[in-house]
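Each chain, written out:
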Amino acid sequence: METAASFYETPEPARFTGIWSWLFTQDHKRIGLMYLFAILFWFLLAVLLGGVLRLELMFPGETVLSPELYNSAFTLHGVIMIFLFIIPALPAVFGNFFLPIHIGADDVYFPKLNLLSWYLYMAGGGIAVFSLFSDGFADTGWTFYVPFSISTNTNVSTAVFAAFVLGFSSMLTGLNFITTVHKMRDRAMGWLQIPLFTWSLYATAWVQLLATPVVTITLVLVMIERFFNVGLFDPARGGDPILYQHLFWMYSHPAVYIMILPGMGVISEIIPVFARKSIFGYKAIVGSSLAIAIAGSLVWAHHMYTSGMSDTAVFVFSLLTFVVAIPSAIKVFSWVATLYKGAIEMTPPLFFSLCFIYLFSVGGLTGLVLGAAGANIHVHDTHFVVAHFHFTMFGGTGFAFFAALHYWWPKMFGRMYDFKKAYIAAILVTGGFMFHYVPMFILGLQGMPRRYYDYLPQYAAGNFFAGFGALFMILGIGLMVANLLASLGRQRDAGPDPWGGVTLEWTIPSPPPVHNFVRPPEIMAYPYDFSGVTDRSAHRQQGE
Amino acid sequence: MEHASHIFSYKTLGLVLGALLMLTGVTVGASYIDVGWLNVWIALVIASAKASLVLVVFMHMKSAGKGVVVSFLSTVFFLAIMIGFIFWDVAFR
Numbered sequence: 001m002e003t004a005a006s007f008y009e010t011p012e013p014a015r016f017t018g019i020w021s022w023l024f025t026q027d028h029k030r031i032g033l034m035y036l037f038a039i040l041f042w043f044l045l046a047v048l049l050g051g052v053l054r055l056e057l058m059f060p061g062e063t064v065l066s067p068e069l070y071n072s073a074f075t076l077h078g079v080i081m082i083f084l085f086i087i088p089a090l091p092a093v094f095g096n097f098f099l100p101i102h103i104g105a106d107d108v109y110f111p112k113l114n115l116l117s118w119y120l121y122m123a124g125g126g127i128a129v130f131s132l133f134s135d136g137f138a139d140t141g142w143t144f145y146v147p148f149s150i151s152t153n154t155n156v157s158t159a160v161f162a163a164f165v166l167g168f169s170s171m172l173t174g175l176n177f178i179t180t181v182h183k184m185r186d187r188a189m190g191w192l193q194i195p196l197f198t199w200s201l202y203a204t205a206w207v208q209l210l211a212t213p214v215v216t217i218t219l220v221l222v223m224i225e226r227f228f229n230v231g232l233f234d235p236a237r238g239g240d241p242i243l244y245q246h247l248f249w250m251y252s253h254p255a256v257y258i259m260i261l262p263g264m265g266v267i268s269e270i271i272p273v274f275a276r277k278s279i280f281g282y283k284a285i286v287g288s289s290l291a292i293a294i295a296g297s298l299v300w301a302h303h304m305y306t307s308g309m310s311d312t313a314v315f316v317f318s319l320l321t322f323v324v325a326i327p328s329a330i331k332v333f334s335w336v337a338t339l340y341k342g343a344i345e346m347t348p349p350l351f352f353s354l355c356f357i358y359l360f361s362v363g364g365l366t367g368l369v370l371g372a373a374g375a376n377i378h379v380h381d382t383h384f385v386v387a388h389f390h391f392t393m394f395g396g397t398g399f400a401f402f403a404a405l406h407y408w409w410p411k412m413f414g415r416m417y418d419f420k421k422a423y424i425a426a427i428l429v430t431g432g433f434m435f436h437y438v439p440m441f442i443l444g445l446q447g448m449p450r451r452y453y454d455y456l457p458q459y460a461a462g463n464f465f466a467g468f469g470a471l472f473m474i475l476g477i478g479l480m481v482a483n484l485l486a487s488l489g490r491q492r493d494a495g496p497d498p499w500g501g502v503t504l505e506w507t508i509p510s511p512p513p514v515h516n517f518v519r520p521p522e523i524m525a526y527p528y529d530f531s532g533v534t535d536r537s538a539h540r541q542q543g544e
Numbered sequence: 001m002e003h004a005s006h007i008f009s010y011k012t013l014g015l016v017l018g019a020l021l022m023l024t025g026v027t028v029g030a031s032y033i034d035v036g037w038l039n040v041w042i043a044l045v046i047a048s049a050k051a052s053l054v055l056v057v058f059m060h061m062k063s064a065g066k067g068v069v070v071s072f073l074s075t076v077f078f079l080a081i082m083i084g085f086i087f088w089d090v091a092f093r
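Top to bottom, those sequences are chains Z and B. FYI, my numbering numbers position 226 of the first sequence as 226, with every residue one higher than the one before it. FYI, my numbering numbers position 35 of the second sequence as 35, with every residue one higher than the one before it.
Bear in mind the hints are in silico, worked out from the structure with no lab data behind them. None of these values were measured; they are calculated from a predicted model. Note that CB positions come from ideal geometry on N, CA and C, so glycine has one too. Certain hints may be false.
One side only, chain Z facing chain B, incomplete, derived with CB under 10 Å [what the hints assert, rightly or not]:
hint, residue
1, His182
2, Lys183
3, Val214
4, Met250
5, Leu298
6, Ala301
7, Met304
8, Gly308
9, Ser310
10, Ala313
11, Phe315
12, Leu320
DEER-style ranges, computed between Cβ atoms [stated by the list, open to error]:
hint, chain 1, residue 1, chain 2, residue 2, range
13, Z, Phe16, B, Ala80, 42 to 48 Å
14, Z, Ala343, B, Val70, 41 to 47 Å
15, B, Val40, Z, His182, 35 to 41 Å
16, Z, Leu290, B, Val40, 31 to 37 Å
17, Z, Asp234, B, Ala43, 18 to 24 Å
18, Z, Asp106, B, Ala43, 44 to 50 Å
19, Z, Gly190, B, Thr12, 39 to 45 Å
20, B, Leu38, Z, Leu55, 55 to 61 Å
21, B, Ser74, Z, Thr152, 34 to 40 Å
22, B, Thr75, Z, Ala123, 22 to 28 Å
23, Z, Arg519, B, Ala43, 58 to 64 Å
24, B, Ser74, Z, Phe315, 23 to 29 Å
Make the full structure from the sequences, and use the hints.
Written out as structure tokens, the structure reads:
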């Protein structure tokens, strides 16, 4: 393995030093890290907000929040988690850092546009914070449904504008990734030699590019309504409030695939490495990523079964919703089949990945309950939906983010973290997660609505347990982040390939040099060929 | 990296600008004439003509590579499907 100065020591462009070498960087790795720390900040803030919400709900009546503050707090929790954490987390951090390396490139195709995306992301976050200190944060929930979002006196316009700016950041990142995969891929790398994480980012990028403009324009329409009162969504003047829901979900349902697809890509990278076995069904996983991206974009109205939509539309969208379950199931099957008869080595990234498979499967299966039009009527807008959504998005994308953090941390920083603390944190987060969200399924089936400030006495036990679980989860997340950050005080001890990976990032030093590859990358005929790794392991054992 | 030449003369750009302004006038004028169910289609045809001019000339689609053209057409196709799917709701309410 060659040695080279890392990207930390060699700014790009070279004329900038210190803080300016970060603020004006065009290096995809530095931009990825800037996203990482910004996203971690927002994530921890939203986790604390969620904790306060559950604390309020632990006991009937007012405890720590007034009703108005509660409405704003759950809106802010949702807006931050969706627009500032889950959507950008995996593409912006790990996509930026690893997509060019995975395809043998030295950067993304548009480095300056990449930096602009980061500034737009920060600007969007800043505008959301600004709205907190003007007329109070929006109390509409992250969905900004009309007519309430047009009539409420809280500062919806600024919150909506923040989401509008963040949408542009997402679109530009998607555009950059598509172009990079097409134009910067190593000449020796065919489409079926691309690592699965990069495949998932490619599929995601198309959804980002095609669906995001719909919501950005829709949010502009909300602002136009608030400022000029045109009547676009007012039936008395020929408008249609359900049209807003169509336009909103036309983006926001594909957005859940923007969130989950890269997570699935992460799991597809981690499972074979720690099973020491080629991924089962590479082509099926690639195909299912594209199928999820396409089919997932055509199921948006399953959020609207009770909104007054036609029965024909309910039937069509229910049918399509069941179709989208098939490619998701193909992925889960492929991961489990990869583990079967593998030489499994348990590590923190694998632990999080296994939790992902379980939690995402529960989330997916409960999604079928909601996708079935008849059952949906009973649990629509109840805590069942909250639990389902968090099982897929937090248990899915969130846990994939944790897995990716633990998998690629040694590559990004050159330092290994403490395994014992990582396991304790993972157990606390997972155990807390179950205590937190399983009672919500039961509460939902019993009829407790979502977003309610107070509840009837029969819901007290479930809400108390959910709050109890949240405490453990927050403790686990705190320990996990502290453990990772503590590793930064260590010597660079991780080595280039601490896990025995085979994709290109494990062939270069940790942390990587500024142009990623010191010598031209060697592209393998198949990206998950572990024969070399098992040979290395056998030689090491003979040497011992 | 190859760069295809996509420079249009000022005369062409001026003509396109003039055509866009004229079509805007046509849009406004057409809104005053009620032809029933054709109202929407006439507005869409004029808007599509304007969008095509912008894409082909101002956004250099005329000289773009095959990949860019296919990518663009896929977005049109996708948008058409999305709008079409809303009719499952509106047409059957």
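Each hint tested on the structure:
1. His182: Interface hint status for Z/His182: holds (6 Å vs cutoff 10 Å).
2. Lys183: holds, 8 Å
3. Val214: holds, 7 Å
4. Met250: At 6 Å from the nearest chain B Cβ, Z/Met250 passes the 10 Å test, so the hint holds.
5. Leu298: Hint holds; Z/Leu298 Cβ to chain B Cβ min 6 Å, cut 10 Å.
6. Ala301: holds, 7 Å
7. Met304: holds, 8 Å
8. Gly308: holds, 8 Å
9. Ser310: holds, 4 Å
10. Ala313: holds, 4 Å
11. Phe315: Interface hint status for Z/Phe315: holds (9 Å vs cutoff 10 Å).
12. Leu320: holds, 9 Å
13. Z/Phe16 to B/Ala80: 42 to 48 Å: holds, 46 Å
14. Z/Ala343 to B/Val70: 41 to 47 Å: Cβ of Z/Ala343 to Cβ of B/Val70: about 43 Å, so the range 41 to 47 Å holds.
15. B/Val40 to Z/His182: 35 to 41 Å: Check passed, 37 Å falls within 35 to 41 Å.
16. Z/Leu290 to B/Val40: 31 to 37 Å: Because 34 Å falls inside the window, the suggested range holds.
17. Z/Asp234 to B/Ala43: 18 to 24 Å: With a Cβ separation near 21 Å, Z/Asp234 and B/Ala43 satisfy 18 to 24 Å, so the hint holds.
18. Z/Asp106 to B/Ala43: 44 to 50 Å: With a Cβ separation near 48 Å, Z/Asp106 and B/Ala43 satisfy 44 to 50 Å, so the hint holds.
19. Z/Gly190 to B/Thr12: 39 to 45 Å: Check passed, 41 Å falls within 39 to 45 Å.
20. B/Leu38 to Z/Leu55: 55 to 61 Å: Hint holds: Cβ distance 60 Å, inside 55 to 61 Å.
21. B/Ser74 to Z/Thr152: 34 to 40 Å: holds, 38 Å
22. B/Thr75 to Z/Ala123: 22 to 28 Å: holds, 26 Å
23. Z/Arg519 to B/Ala43: 58 to 64 Å: holds, 59 Å
24. B/Ser74 to Z/Phe315: 23 to 29 Å: For Z/Phe315 against B/Ser74, whose Cβ atoms are near 27 Å apart, the range 23 to 29 Å holds.
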